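Colleague: Single-letter residue listing:
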Amino acid sequence: MYVAVKGGERAIDNAHAWLAEERRGNLAVPEFTTDQIREQLALAVNRVMAEGSLYDPDLAALAIKQARGDLIEAIFLIRAYRTTLPRFGGSLPVDTANMACDRRVSATFKDAPGGQVLGPTFDYTHRLLDFKLAADGEAGQVAEAAPLQGPTPHIMGFLDRENLIQPEPAGEETPADLTRAPLELPASRALRLQALTRADEGFTLGMAYSTQRGYARNHAFVAELRIGTVAVEMEIPELGFAIEIGEITLTECETVNQFQGSKTQPPQFTRGYGLVFGMTERKAISMALVDRALRWKELGEDDIGAPAQDEEFVLYHCDNIQATGFLEHIKLPHYVDFQSELELIRKLRRDAQVAMQEAAE
Amino acid sequence: MTEYNFAYLDEQTKRMIRRAILKGLAIPGYQVPFASREMPMPYGWGTGGVQVSAAVLTPDDTLKVIDQGADDTTNAVSIRRFFQRTAGVAVTEKTTEASVIQTRHRIPEQALRADQIIVYQVPIPEPLRFLEPSEVETRKMHALEDYGLMHVKLYEDISQHGAIATAYAYPVKIEGRYVMDPSPIPKFDNPKLEMAAIQLFGAGREQRIYALPPYTKVVSLDFDDYPFQPSKADHCCAICGSTTSYLDELITDDAGGRMFICSDTDYCATRVEDAG
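As you go down the protein sequences, you meet chains A and B in turn. For the first sequence, my numbering begins at 1 and goes up steadily by one. For the second sequence, my numbering begins at 362 and goes up steadily by one.
Just to be clear, a hint being listed does not mean it is correct.
With a straight-line cut-off of 20 Å between C-alpha atoms, the simulated EDC-like cross-links for lysine to aspartate or glutamate are [claimed, not checked]:
| hint | chain 1 | residue 1 | chain 2 | residue 2 |
| --- | --- | --- | --- | --- |
| 1 | B | LYS375 | A | ASP177 |
| 2 | A | LYS347 | B | ASP518 |
| 3 | B | LYS514 | A | GLU311 |
| 4 | B | LYS455 | A | GLU311 |
| 5 | B | LYS501 | A | GLU341 |
| 6 | B | LYS593 | A | GLU31 |
| 7 | B | LYS534 | B | GLU555 |
Just so you know, these hints were derived from the structure itself, not from any lab. Predicted, not measured: the structure shown is a model, and the values here were computed from it.
Construct the entire structure; sequences and hints are all you get.
Modeller: Written out as structure tokens, the structure is:
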């Protein structure tokens with residue numbers, strides 16, 4: 001009797017054992033630690049924290065190790081862990097004007113209070129493979145300057161004071177939590193930004209790039225890109241005041257986009273905004289461009305049918321955990337459905353052949 | 362696994378899901394949005410069904426999990442193990458012994474009873490999705506009971522192929538109101554949708570739950586002159602000899618030899634046992 005349809009249980013066990021062995025690789029090569037991942041693959045850790053929506057470098061490093069370096073798989077591990085955590089409450093809004101900046105650049109002003117600080121960027125490295133690194137990865141001594149004291153004002157503030165940029169008054173209401181309530185459309189900008197900050201980097205980049213190439217072009221200047229640490233404060237009801245509960249690294253990108261105006265309103269620049277966990281500037285810039293493209297309705301622009309303007313298209317397809325799950329599920333068994341299609345196509349072909357024969361006679 | 366709550370989800374989440382289920386039962390065929398959680402298995406692997414099962418399971422339940430009609434399919438094994446680990450419930454392969462059955466793509470051959478619940482895993486809950494990609498639009502169409510597009514699609518099938526060319530996930534109308542996707546079951550299973558058991562449908566990635574209370578009227582869409590026809594392979598099972606069960610087709614040799622066996626493995630095994 002044909003018995004190959006049995007054995008799922010054993011197959012799963014064997015697959016898991018093999019996977020564990022493959023993860024470890026050649027035993028002659030020393031195992032690396034999650035500390036090493038956290039310290040030396042920090043940008044991977046940052047991406048996993050950002051798209052996993054959980055700020056914990058140690059867990060992100062563990063996830064990367066467990067996922068064999070597959071970052072989407074690592075993000076998935078973090079997301080699945082995150083859902084099991086109780087939600088104690090919300091922090092106060094973080095104050096990025098008080099960020100201790102490691103990097104701060106403006107593409108719109110040659111200089112501004114706080115200065116241009118390149119920070120640890122790849123921007124002007126020549127992309128030449130450094131073969132020395134293969135043998136010796138030790139970094140030499142680096143000169144250190146005294147850190148800037150006091151807040152670094154946002155560049156946007158200078159435009160704001162002149163009324164050159166569309167104002168964005170602070171709202172009172174607490175935005176809904178994307179992870180606690182089903183996404184229903186149309187979504188508020190706050191909800192869209194929540195979705196974008198955890199969106200797949202590649203998807204967001206592609207969407208943003210499409211706007212640059214003319215699919216809902218909104219020519220963006222990076223008014224400011226800043227990366228650094230901010231304090232997270234939370235109001236403790238029992239105390240009656242806010243206390244600092246930790247520090248996180250963020251990347252913030254503010255764009256100045258093309259202006260609009262009318263007979264009654266003088267023209268003003270418009271804004272795009274990106275804010276992402278960790279040092280993740282490609283993602284933050286992309287996010288700002290996509291945010292801006294999605295704002296076409298409130299800013300009175302035309303819907304030119306570009307993908308980046310379509311809120312439903314962007315929000316429903318930007319999550320890589322949803323996307324990869326649904327995409328990869330097609331490798332699961334579908335024999336029942338396929339069988340029903342087989343029956344159908346055989347019948348349709350039979351009927352068609354009979355009809356053709358009758359027509360020929 | 363003591364670090365997780367019974368059946369993995371915390372009680373607040375279960376309560377939220379149960380409310381969605383109750384709403385679904387109150388409005389049969391209506392897709393209720395719910396705050397689907399990220400589960401420790403991927404979207405597309407049955408996260409909606411798993412969340413619904415987790416919300417309805419009690420420690421006294423006996424769970425059966427099938428995929429493609431079989432208990433031994435890898436993903437059925439994986440989901441069954443998940444609930445064994447996180448809920449410690451009894452499990453069974455016997456349709457008659459189960460109080461909760463989670464399924465993907467099939468309804469068991471054995472008629473279900475009033476004291477049973479069947480939970481379907483749903484990939485795309487929206488029956489109009491492939492006619493209209495926008496969720497905003499399809500929700501409007503359901504609200505207005507505007508199903509013209511669906512009938513046009515079925516009509517176009519007939520004009521092009523001479524028959525309605527939908528073999529699975531065949532759309533149904535519930536109590537004369539909502540058009541519903543019965544999940545990707547073969548249309549052979551559609552007549553079974555009117556049953557004694559409670560039927561719950563969970564779509565995790567799409568964040569929707571819908572439900573059919575016992576004996577809800579379910580009509581497969583068709584035309585008077587092109588009536589709905591359930592279909593199956595025109596063979597009998599090579600193992601148990603059943604001529605009425607839904608069959609899987611296996612390729613048995615390099616020459617393309619075929620064999621047909623029951624997709625419902627418990628039904629098949631029970632028939633073999635009974636025959637002695």
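Colleague: All the hints need checking, so say for each whether the structure fits it.
Modeller: Hint check:
| no. | hint | result |
| --- | --- | --- |
| 1 | B:LYS375 - A:ASP177 | 18 Å, holds |
| 2 | A:LYS347 - B:ASP518 | 14 Å, holds |
| 3 | B:LYS514 - A:GLU311 | 27 Å, violated |
| 4 | B:LYS455 - A:GLU311 | 47 Å, violated |
| 5 | B:LYS501 - A:GLU341 | 31 Å, violated |
| 6 | B:LYS593 - A:GLU31 | 54 Å, violated |
| 7 | B:LYS534 - B:GLU555 | 12 Å, holds |
Figure legend: structure checked against the earlier numbered hints; hints not met, in rising order: 3, 4, 5 and 6.
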